[in-house]
Each structure stands twice: as structure tokens, then as C-alpha cells.
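Undergrad: Chain by chain, the residues:
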Amino acid sequence: EPEVTQTPSHQVTQMGQEVILRCVPISNHLYFYWYRQILGQKVEFLVSFYNNEISEKSEIFDDQFSVERPDGSNFTLKIRSTKLEDSAMYFCASSADTEAFFGQGTRLTVV
Amino acid sequence: ILNVEQSPQSLHVQEGDSTNFTCSFPSSNFYALHWYRWETAKSPEALFVMTLNGDEKKKGRISATLNTKEGYSYLYIKGSQPEDSATYLCAFRGSGNQFYFGTGTSLTVIP
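These protein sequence lines map, in sequence, to chains H and Y. The numbering of the first sequence is our numbering, which starts it at 116 and goes up by one. The numbering of the second sequence is our numbering, which starts it at 27 and goes up by one.
These are computed hints drawn from the structure, not numbers from a lab. Bear in mind the structure is a predicted one, so any value in this text is a computation, not a measurement. Certain hints may be false.
Okay, derived cross-link-like pairs now, BS3-like style, lysine-lysine, Cα gap no bigger than 30 Å in a straight line [what the hints assert, rightly or not]:
1) Y/104 <-> Y/85
2) Y/84 <-> Y/104
3) Y/83 <-> Y/95
4) Y/68 <-> Y/83
5) H/172 <-> Y/95
6) Y/68 <-> Y/84
7) Y/68 <-> Y/95
8) Y/68 <-> Y/104
9) Y/68 <-> H/198
10) Y/95 <-> H/193
11) Y/83 <-> Y/104
12) Y/68 <-> H/172
Put together the whole structure using the sequences plus the hints.
TA: Here it is as C-alpha cells:
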């Protein structure tokens, strides 16, 4: 069964460093999303992406964040200068016209 | 951003209690309404896809109803158990096929 895969599963980074979280969506899907969940808090929408551009983004998705599809298959989330409060589980999802599928998440720990 | 609202934001219930929560969405250009169950540090699990006004779906102790004319869906859990503790996320899908997720209802079932 096709699935969304995310790498790495866990990333530890120093505050102020850049991180790139990678997602491989399901191949024929057109819409891509990033969500995050800070431990003990609610799920937060970050951004949605369609047709090679951002279709919507939340207030959280400020200039420190960016997304791209560097090679037509991967979908990446970059955080330019990480803060302690960026520590969270980051989930990627992709959808076509039936169902949205989520990856297993990347746990980002900023120290 | 198309508005999908869920209420309440969080809920604490005693084991054995029944509970319900709401997802509100635009009543125009409706295509489908999805419910997901999202446990902490796991990827979301699809519960229901609902497409017709008046739809009722059931999976064990969990059921959902749909009113597309007034733009809401209810999710019910009968006899809550600690393993039901999770975030319940709804997603509206319009004619454009993009998913618009709510912010989730975080349910904690106290043993």
C-alpha cells in the first residue's frame, strides 16, 4: 500500500541551526501539507502546497520556514534558524482526490 | 484560509462517559468531510469519510453524522475508554479537492 515517508524520524539540532525535514508524498498526489504537534499541545497547521506553490499558510509559518519540492518527488520543510519552541513532531501529509495520508512524523528536538 | 472549526478545543471525560464534539465547515462547494484520530507521536488514522447530507457512519463505539446544508458534523464516542484519548481531527474537502483541516479536539479519558 502506498505511504507517505518522512526522514529523519528524529532530529536533534542546536538552537540557531538550519534543519530540513524531508517527506516523500504518495506519487500521484497533488496536495501536500505540513503540520506539527508540540508535546502536550494541539495539532497546528503550518502550510499547504499545490502546483509547486504555497496555497495556504498559518501564522506560525513565518519567514523562518520554507517549503519546496526540490526534485519533483520530495517535499521538504526548512527551518532556517531553529528556536527552542520549534521542538515538536512534524507531520507531512499528501492527498489526491480521495483521502489524505500522513507520514509517521519527524521528532525535532532543538537544544 | 477556508474556515474549519472544531469545538471544544479540548475535553476531559471520565471512563465510561459518552461524549461528542463538533466540526463546522462551509456549506457551499462541499465534496466530503473526513474524520481522523490522531494519537500523540503517531500519524493520524482515518476514521470516516462522509459525503452525503444525513450520512451516519459507525466504527465500534465511535459514530459520526453529517449535515452539509448547515455545515456541521458531530463525532460521538459511546462509553469512552482511556485508549480513546487522542486528538480528533476533521477535514473538509471542497470541489477543488484540497483538504482543509480543523485544529482538532483533544480528548482525554480519565480512568
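Undergrad: If a hint holds in the structure, say so; if it doesn't, say that too.
TA: How the hints compare with the structure:
no.	hint	result
1	Y/104 <-> Y/85	holds (11 Å)
2	Y/84 <-> Y/104	holds (11 Å)
3	Y/83 <-> Y/95	holds (18 Å)
4	Y/68 <-> Y/83	holds (24 Å)
5	H/172 <-> Y/95	holds (28 Å)
6	Y/68 <-> Y/84	holds (23 Å)
7	Y/68 <-> Y/95	violated (34 Å)
8	Y/68 <-> Y/104	holds (23 Å)
9	Y/68 <-> H/198	holds (23 Å)
10	Y/95 <-> H/193	violated (40 Å)
11	Y/83 <-> Y/104	holds (14 Å)
12	Y/68 <-> H/172	holds (23 Å)
Checked against the numbered hints above, the structure violates hints 7 and 10; every other hint is satisfied.
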